[in-house]
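Peer 1: Spelled out, the chains give:
2 protein chains.
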Amino acid sequence: MEKLFQQIEEHASLYQHWLLSMCNQPSISAQNIGMQEMKELVIQLLEDLGADVEEVVTAGYPIIYGQIDNGSKRTLTFYNHYDVQPPDPLAEWMSDPFKARVENGQIFARGVADNKGNIAARIAAVHAYQKVHGDLPVNVKFIIEGEEEVGSPNLKKFALENPEKLKTDAMIWEGGMRNVHDKRPHISFGVKGICFVELRVRGAAFDLHSSEGAVVENPAWRLVWALSTLKNKHEKILIDGFYDHILELTEKEKAFFQTMDYDEEHTKTHYQIDNFLTGVTGLELKERLTAAPTCTICGLEAGDTGQGAKTVLPSRAKVKIDFRIVPGQTPKMVIDLLRKHLDQHGFRDIEIEQLAGLLPFNSDSENPFVDTVINSMKEVYEEPPIIMRNLAGSSPMEKLLANTEIPAAQIGVANTGSNFHGPNENIYVDDFIKGIKATANVMRHFGDV
Amino acid sequence: MEKLFQQIEEHASLYQHWLLSMCNQPSISAQNIGMQEMKELVIQLLEDLGADVEEVVTAGYPIIYGQIDNGSKRTLTFYNHYDVQPPDPLAEWMSDPFKARVENGQIFARGVADNKGNIAARIAAVHAYQKVHGDLPVNVKFIIEGEEEVGSPNLKKFALENPEKLKTDAMIWEGGMRNVHDKRPHISFGVKGICFVELRVRGAAFDLHSSEGAVVENPAWRLVWALSTLKNKHEKILIDGFYDHILELTEKEKAFFQTMDYDEEHTKTHYQIDNFLTGVTGLELKERLTAAPTCTICGLEAGDTGQGAKTVLPSRAKVKIDFRIVPGQTPKMVIDLLRKHLDQHGFRDIEIEQLAGLLPFNSDSENPFVDTVINSMKEVYEEPPIIMRNLAGSSPMEKLLANTEIPAAQIGVANTGSNFHGPNENIYVDDFIKGIKATANVMRHFGDV
Chain Z
1 MEKLFQQIEE HASLYQHWLL SMCNQPSISA QNIGMQEMKE LVIQLLEDLG ADVEEVVTAG
61 YPIIYGQIDN GSKRTLTFYN HYDVQPPDPL AEWMSDPFKA RVENGQIFAR GVADNKGNIA
121 ARIAAVHAYQ KVHGDLPVNV KFIIEGEEEV GSPNLKKFAL ENPEKLKTDA MIWEGGMRNV
181 HDKRPHISFG VKGICFVELR VRGAAFDLHS SEGAVVENPA WRLVWALSTL KNKHEKILID
241 GFYDHILELT EKEKAFFQTM DYDEEHTKTH YQIDNFLTGV TGLELKERLT AAPTCTICGL
301 EAGDTGQGAK TVLPSRAKVK IDFRIVPGQT PKMVIDLLRK HLDQHGFRDI EIEQLAGLLP
361 FNSDSENPFV DTVINSMKEV YEEPPIIMRN LAGSSPMEKL LANTEIPAAQ IGVANTGSNF
421 HGPNENIYVD DFIKGIKATA NVMRHFGDV
Chain B
1 MEKLFQQIEE HASLYQHWLL SMCNQPSISA QNIGMQEMKE LVIQLLEDLG ADVEEVVTAG
61 YPIIYGQIDN GSKRTLTFYN HYDVQPPDPL AEWMSDPFKA RVENGQIFAR GVADNKGNIA
121 ARIAAVHAYQ KVHGDLPVNV KFIIEGEEEV GSPNLKKFAL ENPEKLKTDA MIWEGGMRNV
181 HDKRPHISFG VKGICFVELR VRGAAFDLHS SEGAVVENPA WRLVWALSTL KNKHEKILID
241 GFYDHILELT EKEKAFFQTM DYDEEHTKTH YQIDNFLTGV TGLELKERLT AAPTCTICGL
301 EAGDTGQGAK TVLPSRAKVK IDFRIVPGQT PKMVIDLLRK HLDQHGFRDI EIEQLAGLLP
361 FNSDSENPFV DTVINSMKEV YEEPPIIMRN LAGSSPMEKL LANTEIPAAQ IGVANTGSNF
421 HGPNENIYVD DFIKGIKATA NVMRHFGDV
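Here the protein sequences line up with chains Z and B, keeping their order. Numbered continuously in the UniProt record's numbering, the first sequence closes out at residue 449. Numbered continuously in the UniProt record's numbering, the second sequence closes out at residue 449.
Hints in this document: simulated from the structure, not taken from any laboratory. All figures in this text were calculated on a predicted structure; none of them were measured in a lab. Do not rely on the hints blindly, as some may be mistaken.
For chains that are exact copies, the list does not tell them apart, and a pair is met inside one copy or across any two.
List time: in silico BS3-like cross-link candidates among lysine-lysine, alpha-carbon distance up to 25 Å [as the list claims (entries may be wrong)]: (1) LYS156 x LYS310; (2) LYS310 x LYS167; (3) LYS233 x LYS340; (4) LYS310 x LYS332.
Could you put together the complete structure from these sequences and hints?
Peer 2: Below, the structure written as structure tokens:
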């Protein structure tokens, strides 16, 4: 291990050079800027490692698929993306977003955190390992897509059409970060899913004078009554069967909550709130964040919402609801239960449209890869890692991994002040080096398992 | 009576000439066009009747006050307004809105229905009566304001500062209309009041990512829960004490419902609804329209209401609610009960802002003036009148009449196709003549009572 880490430190400036060259090449999928050049640059770096590289054609930008198959008994796959967000607002950048600036141990560039820093770290780790040991302890695969920043519209199709390429024992997913305040690195082993719907209620054919409210049905009232049957003031979701299929947390998963940090006081001050929902705090708050499904009104609209006093009886009312779902639940399950619930409560007329849906994904915490990652991280970082069964948000992780048994971990080179998607996106050089070490260490331990 | 009506018919072209001269004079309060000229024209017509006329200065346009005091034991007052709505959209007019066009027994001009036709009808009725009988059977007063189309902002102050001018035994308020389909004239003796409020709920200081919905309170949910305590699916308003002070309908008032018409089938087809609220129909529907208070969501707003899938935890939610209130209720009473209700249901944090408030107004149906008007109308119109205790809407009637015992009736020269405030505003010449007769007949009978 020492030799490996030493190699990484000695080659730090080479690896940083790789990273800067990627950052200096714009690759904005939303605007079709530099995508071809970036793809070629990544392919070149992979080929220099000795990987077999293939461009997989999609309806959008190609997916770069690379593999180094040395006959090891285990295969580890790195999922990343070579596209970045547009750099706007440009005026808020202190320097050119596509001319990486290194200052006081920080690298500033669009995409350095999300997620060229991680691509470079994966490649550098393989390189270092090869330099020290001649060969890798595992087979590795790279799946580097070019459309993550526009919603990965072709990723699921890739997974369905290329089962061979997806064959792997474990996956390092995109990236992760480290706390700015206490330096603790994050590890997460999944994401919540999402079922995002719009409910629509119709009344008369057009808005009426509100005096007609005495005799003509108001879709806004119907919507309120329907919503009030969905969740109660204690935050219990009242849809029959909603909680039935949720997988119970294992003791090991529960133990992960102990490692999480959530600065309640700072958050309350920042959000200007007196308390968290239903007074939740401590471990329970952390559990709620990552393991409880939600039912959130994201948008409500009916009638006149402008200034002043327009007394109208609305003809339409609608609500957008975001269900964050957890292992055991699926978007389809939520839609079906919701439809049944509305019908049974007399709201057969309320229309449901699904706006988005992603399955939850969690690695089986008993899979040896989970401990491998945790232990590998502990050996690299001075501070104890924050371990999360899954993030509170959602991601396209499920497009590759849903319905597989493949465990996946998110670890990476960013930090909580990285300004993902914003101006002056940055990482620390030190985190980049640690990210290389962590990746190499995971390969090493996973080869041993 | 026959001589009086004959006089009116013989002078029809003179009276129509008065009306057309008023219509040809623009008087748009919202745009300060022609207000001075219109005021002078009305004053001249009143002075020609021998009225004592006074311009009452207000913060806006002056109120024309005229009286003919002949020592009769009763006084009848006509409330009208000399301003009109802007003529837009001009392109939709078949002819110049301020050049009255008479065609096939209809007069087209901005303001002819609302309400210069009624000003002319009141003046013509006085003129005809004087011509036939030499003197009037009642004292008459005219209160003709110039700001009705901009919300009568100075009318209440006028009432408070001029109690002498308001002293009267009864009032003919602005105007009314006749059905186009079956020719039945409308008589109404009041208006519902209104209490229009906005409720506001706050969550975090700014919108959050919806994954935070697991632990941060959602003001949209709080609003939904609060609203669901205000009214139930059976349309019962659940605010404690809300119905307590409502005056019971008298038998006479109930009998008025028998006269009302409401074309349920036509309305259902037009509005594209299957049924009225809670399946209400017939007499009950009419009673609901005019005698039941309402609680109508006019506007609901929270979070993201745009297209697509923006998963946000809103920081603010608000609703506009219009309570149409009935005799016995006041806007203040509603606000107080609503505040108490929200506090008691755990919504102390929900802010209430009153956006508008008007008291209800109903004439005492036992006041002899009520029968006088009804009988006078029956003698003029071939079809039986539609008698309404009050309109389903609200009006500034209360600004002059609230907390007085003065009975008031709305009768007039418009029709259900008059296009009030719209293009090609019109009345029928025949309705204008009948309106003069009805006014004269009310004076005659009221003098006899």
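Peer 1: Does each hint hold? Answer for all of them.
Peer 2: How the hints compare with the structure:
1. In this assembly of identical chains, LYS156 and LYS310 lie within 25 Å of each other by CA distance solely across copies; the values are 22 Å between and 48 Å within a copy.
2. Within a single copy, LYS310 and LYS167 get their C-alpha atoms no closer than 61 Å, and across copies no closer than 34 Å, so neither meets the 25 Å cut-off.
3. For the identical chains of this complex, LYS233 and LYS340 are neighbours both inside a copy (22 Å) and across copies (19 Å), given an alpha-carbon limit of 25 Å.
4. Taking the closest pair of Cα atoms, LYS310 and LYS332 come within 25 Å of each other only across two copies (20 Å); inside a single copy the shortest separation is 40 Å, beyond that limit.
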